[in-house]
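*Asks:* Chains A and B supply the protein sequences, listed in that same order. If you read the first sequence in this note's numbering, its first letter stands for residue 471, the second for the next number, and so on. If you read the second sequence in this note's numbering, its first letter stands for residue 102, the second for the next number, and so on.
The reader is advised that the hints may include incorrect statements.
[Claimed, not checked] Far from chain A by the CB rule (all over 12 Å, computed), these chain B residues: (1) ILE141; (2) MET167; (3) VAL169; (4) TYR178; (5) MET190; (6) THR220; (7) LEU248; (8) PHE250; (9) ARG257; (10) ILE281; (11) VAL329.
[Said to hold, decoys possible] One side only, chain A facing chain B, incomplete, derived with CB under 8 Å: (12) THR514; (13) ALA520; (14) ALA523; (15) VAL524; (16) LEU528; (17) PHE538; (18) VAL546; (19) ARG549; (20) ARG556; (21) LEU597; (22) LEU640; (23) LYS642; (24) ASN645.
No lab work stands behind these hints: they were computed from the structure. For clarity, every value in this text was computed on a predicted model and none was experimentally measured. The C-beta atom is built at its ideal place from N, Cα and C for all residues, glycine as well.
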Amino acid sequence: MDGLSDPPAASVEQIRTDDAGGDTIVPSERTGAARGGVRRWLTTALAVLAFAAVGFVLFKGLTDAALFFRNADEAVADRDDLGESRFRLQGLVVDGSVEQDGDLVLFAVEFNDIQVDVAHEGSPPQLFAAGIPVVLEGNFVDASSPVGVSFANTDGTSVDGYYFSSDRILVKHDNEYEEQNEDRLDDARLGSESS
Amino acid sequence: MTDTTTNPPGAGMGAPTRSGDDPRNTASKGTRVFGILSLIGIGWLVALGLGLSPDDQTQGDLVRLMYVHVPSAWLAYLSFGVTAMGSIMYLWKRSEWWDLVAASSAEIGVLFTGLALVTGMIWGRPTWGSYWEWGDARLVTTLVLFLMFLGYLAVRRIPADTHVRSRRSAIVALIAVVDIPLVHFSVKWWRTLHQEATVLSSDFDPKIDDLMLFTLMVGLVVFTLVYVWFMLHRFRVAWLEEQLLDHSLADAIEARRAEAVGTGATT
Chain A
471 MDGLSDPPAA SVEQIRTDDA GGDTIVPSER TGAARGGVRR WLTTALAVLA FAAVGFVLFK
531 GLTDAALFFR NADEAVADRD DLGESRFRLQ GLVVDGSVEQ DGDLVLFAVE FNDIQVDVAH
591 EGSPPQLFAA GIPVVLEGNF VDASSPVGVS FANTDGTSVD GYYFSSDRIL VKHDNEYEEQ
651 NEDRLDDARL GSESS
Chain B
102 MTDTTTNPPG AGMGAPTRSG DDPRNTASKG TRVFGILSLI GIGWLVALGL GLSPDDQTQG
162 DLVRLMYVHV PSAWLAYLSF GVTAMGSIMY LWKRSEWWDL VAASSAEIGV LFTGLALVTG
222 MIWGRPTWGS YWEWGDARLV TTLVLFLMFL GYLAVRRIPA DTHVRSRRSA IVALIAVVDI
282 PLVHFSVKWW RTLHQEATVL SSDFDPKIDD LMLFTLMVGL VVFTLVYVWF MLHRFRVAWL
342 EEQLLDHSLA DAIEARRAEA VGTGATT
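The shape of chain A in the complex, shown without the other chains:
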């Protein structure tokens, strides 16, 4: 809409009749150039800023997008390299593994048949439940050192003496949508698949 009003206004500014003849039209060098210059500079700066913002976003976003998360099996395979460094862990919340323990939520996630025990500090999001894929932020902890977390609930699967200490849960819901309680058989089927 600015485009509608400004250029004509500027054009009118630029049109000056000279004192003598009254008939010839010459653009005013001074006011026209100054106004156009400022406007031009501003818009160019704005455009440069917009593209700089794009560059920043691309850099910030896609540097670690290639490895947004590690699946449970990959994380276990890379555990020696990962050490205590922070990363995102992805897996399906194992059925019947979720247990509240004081401030901690204890559960296990699995991917490709590899389970990882998780101790999460804080309250999980609304949709968190068994059978749902989650992305966790945190790091591996050597459970053999005295930490006071017991994973007896996950059928003794603190198998390898490590657990994942998480402080952030993102629920990675899938692209399937189903009517609530449409069919009990479906529920049963989904339940058996995820256990």
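Could you slot chain B onto chain A? The hints should help.
*Replies:* Coordinates of chain B only, in the frame set by chain A:
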């Protein structure tokens, strides 16, 4: 963006009062048909989306955001696709008509890309537990799309000769539109929190409840109608702006001439 079915101020001066015949009015029979269909469609979509369609098994009511979020994203693709087409046609035919098609569509595209981002954030907070994740390729490429077409609109505002501006912005649009396949396939090419496509799934077997799918389809159709409606009006406004620009320049020259002649006569 408002419907300009009424005469714009000043249009009555000596102009035909029947708005359909007024060349300065952006409404026509066509836009009214699209407008009425859009409004009826929106009513229908609200009824389906908020009432008749079922809750989702895991998401409950939150699934209803899909009926706005997905069509908004679809309009982002459609709008910027049209912008790219208009830009190619401009570079080929050098016709201002195509340049204005590209510009009008880009404005609508920015609006709906913004809407897709906002509804996505509103949806993401309760479902994922996060408004925004910088590491998610779908989110980031969509934001890039939004910013690049904002940049496109900014480039259009840089004062320049009409054809310089048109060529310049056409090139920017063709650079920016490269991001659309990145946005669409980001969920396949990268690991993302964002789910993969449901309707356009690779096996073309959408895992979605029938009534939910129907509601989503109604959403897509209704949003497309709204796009056409907005587009007709926006393009006509752009066209009138161009003409006004030419006219007002001519008028201004004429006025100055007359003024100069007038003052010349009195002194």
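*Asks:* Run through the hints listed earlier and report the numbers of any the structure violates, in increasing order.
*Replies:* Hints 2, 7, 8, 9, 18, 19, 20 contradicted; others consistent.
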